[in-house]
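**Student:** Sequence:
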Amino acid sequence: MRFKALSATLFAAGLLGSATVQAQTEIQWWHSMGGALGEALNGLATKFNASQQEYKVVPVYKGQYPESMTAAIAAFRAGNAPHILQVFEVGTATMMAAKGAIVPVAKVMTDAKEPFDPQAYLPTVAGYYSDIKGNMLSLPFNSSTALFYIDRNKFKAAGLPPVPPKTWKELIAVAEKLKAAGQDCVYTSGWPAWVHIENFSAWHNVPIGTKQNGMGGVDTEFKINSPLHVRHVAMLGDMVKKGLFTYAGRTNQADSKFQSGECAMATISAGALAGTIKAGKTDWELSFLPYHDDVKGAPQNSIIGGASLWVMGGKKPAEYKGVAKFLSFLSQPEIQMEWHTTTGYVPITKAAYELTRKSGFYDKNPGRDMAVKQLTLNTPTENSKGLRFGNYVQGREVIEEEMEAVFAGKKDAKTALNDAVKRGNEILRKFQAANK
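The numbers in my numbering rise by one with no breaks, and the one at position 320 of the sequence shown is 320.
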């Protein structure tokens, strides 16, 4: 009898333990971060999971941004979308228009009664992911901006002062000297449309499109064929021809070219810093983006890149409660400070930035606050608040195709950018027709 009673007790305890495990609500998080960044992201999920027993966040790598976004849309239509989707900034307008497919973050947090104050986030970041009424639609996560990296070792080997050039004129002069000293790859760039069209436009306070760069309505048009845009892309084409600019590809392929010690200078994401540190192959230094010093008002401020977290529709209330708790966890100053100092991405809240500053991190690591300083260098104008074009994933591809034609010597810059405007506007009109 005692044996039976003990067995019954153990059996009941086993059921209870099993029920506890089964009661844990799983939250699927689809993302696009590999390498050192993926490790840091997985670390955040692990830390959240260890902090409580009710929810389990499961990060799933779904390829680069365009692929993961496409996969999530297909999954939503099939009824098995993730709870949280990481979407790069150029997908913002498309996600905003996907009514029913997403649930605004502000609503998720309010419904779950989680503390949430949009004013706590950096204005440059929060404003981009909010609607015209100020409601935050997605949660800023790996917010970045493009920065200028140099390898001081390469400069010293060429007999040059290890100081980042400030202007494009100075950069070209340095590039010529590095080339003459035997350096094969003197300059490269990641995300060419983001760096050389989008951030370039904001940095020089010129519009990339009408209607406040698409943020003022879907009836916008591209304006990337201005004389300044043509001049800049023509300059890049000439640099390629002279061996002063090594074109690496449309996304982050340039990161590894700099991180491996192959290239002396690069304009790549602030988020590339984690991989640069991990590689340990360069004596790196961060600086502001170069600018054309004959353009009045330049430099203005750069714009954000990276991605935000969107909450997908069609889930249960209990699951949304778990999503809200996780997003609240990610916004904690200590967590944001860890993410910022580990990866190089911008701390998304004012409290996190202040906590990092007070910790002495920036004093010990000069330049690590460069991204925040560049984003907030001046009060954003209508030209430098960011951009929000519909179907811009395809629009950016068109721009990059035309830029590649210039780099390959197949088109002059004016023809290429005129073609980019024509083709890009066709994409915008299709988006407008579908979202009247």
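In case anyone wonders, no lab produced these hints; they're calculated from the structure.
Honestly, I wouldn't trust all of these hints.
Stated by the list, open to error - In silico PhoX-like cross-links for lysine-lysine, where the CA-CA straight-line distance does not exceed 25 angstroms: (1) Lys410 to Lys422; (2) Lys99 to Lys315; (3) Lys62 to Lys278; (4) Lys257 to Lys179; (5) Lys315 to Lys47; (6) Lys410 to Lys242; (7) Lys296 to Lys223; (8) Lys179 to Lys156; (9) Lys169 to Lys257; (10) Lys350 to Lys385; (11) Lys296 to Lys385; (12) Lys179 to Lys241; (13) Lys296 to Lys169; (14) Lys316 to Lys211; (15) Lys211 to Lys436; (16) Lys113 to Lys257; (17) Lys281 to Lys166; (18) Lys350 to Lys107; (19) Lys436 to Lys107; (20) Lys113 to Lys436; (21) Lys436 to Lys99; (22) Lys364 to Lys281; (23) Lys179 to Lys315; (24) Lys385 to Lys166; (25) Lys364 to Lys223; (26) Lys350 to Lys364.
Just so we're clear, the structure is a prediction, and the values are computed from it rather than from any experiment.
**Student:** None of the hints should be skipped; say for each whether it holds.
**Tutor:** These are the hints, each one checked on the structure:
At roughly 18 angstroms between alpha-carbon atoms, Lys410 and Lys422 fall within 25 angstroms of each other, so this suggested pair holds. With a CA separation close to 15 angstroms, the supplied pair Lys99 and Lys315 stays within the 25 angstroms bound. Distance hint between Lys62 and Lys278 is fulfilled; the C-alpha atoms sit about 23 angstroms from each other, no more than 25 angstroms. Restraint check for Lys257 and Lys179: the C-alpha separation of about 16 angstroms stays at or below 25 angstroms, so the hint holds.
Restraint check for Lys315 and Lys47: satisfied, since their Cα atoms lie roughly 24 angstroms apart, inside the 25 angstroms limit. Simply put, Lys410 and Lys242 have alpha-carbon atoms about 16 angstroms apart, close enough for the 25 angstroms limit, and the pair holds. At most 25 angstroms may separate the alpha-carbon atoms for a hinted pair to count; Lys296 and Lys223 meet this at roughly 19 angstroms. Of the supplied pair hints, the one linking Lys179 and Lys156 holds, its CA atoms being roughly 13 angstroms apart against a limit of 25 angstroms.
As the CA atoms of Lys169 and Lys257 are separated by approximately 23 angstroms, the hinted pair is consistent with the 25 angstroms bound. About 18 angstroms separates the Cα atoms of Lys350 and Lys385, which keeps this hinted pair within 25 angstroms; it holds. Straight-line distance between C-alpha atoms of Lys296 and Lys385 comes to about 18 angstroms, which keeps the hinted pair within the 25 angstroms bound. Note on Lys179 and Lys241: the hinted pairing holds, with a Cα-Cα distance of about 13 angstroms set against a maximum of 25 angstroms.
For the proposed pair Lys296 and Lys169, the alpha carbon gap of about 16 angstroms is at most 25 angstroms, so the pair holds. For the hint linking Lys316 to Lys211, the alpha-carbon distance of about 38 angstroms lies beyond 25 angstroms, and the restraint is violated. Under the criterion of a C-alpha separation no larger than 25 angstroms, the hint pairing Lys211 with Lys436 is consistent with the structure, at around 15 angstroms. A C-alpha spacing of about 46 angstroms is found between Lys113 and Lys257, which places the hinted pair above 25 angstroms, so the restraint is violated.
As the CA atoms of Lys281 and Lys166 are separated by approximately 24 angstroms, the hinted pair is consistent with the 25 angstroms bound. In summary, the hint linking Lys350 to Lys107 is supported, as the alpha carbons are separated by about 22 angstroms, within the 25 angstroms threshold. For the given pair, Lys436 sits about 24 angstroms from Lys107 by alpha-carbon distance, which is consistent with the 25 angstroms threshold. Note on Lys113 and Lys436: the hinted pairing is violated, with a Cα-Cα distance of about 34 angstroms set against a maximum of 25 angstroms.
Restraint check for Lys436 and Lys99: satisfied, since their Cα atoms lie roughly 13 angstroms apart, inside the 25 angstroms limit. Between the alpha carbons of Lys364 and Lys281 the distance comes to roughly 20 angstroms, so the proposed pair stays at or under 25 angstroms and holds. For the hint pairing Lys179 with Lys315, the CA-to-CA distance comes to about 56 angstroms; that exceeds 25 angstroms, so the pair is violated. Between Lys385 and Lys166 the CA atoms are separated by roughly 23 angstroms; this keeps the pair inside 25 angstroms, and the hint holds.
Only pairs whose Cα atoms come within 25 angstroms are accepted, and Lys364 paired with Lys223 is rejected, the gap being roughly 42 angstroms. For the suggested pair Lys350 and Lys364, the alpha carbons sit about 20 angstroms apart, so the restraint of at most 25 angstroms is met.
Of the numbered hints stated above, those contradicted by the structure are hints 14, 16, 20, 23, 25, listed in ascending order.
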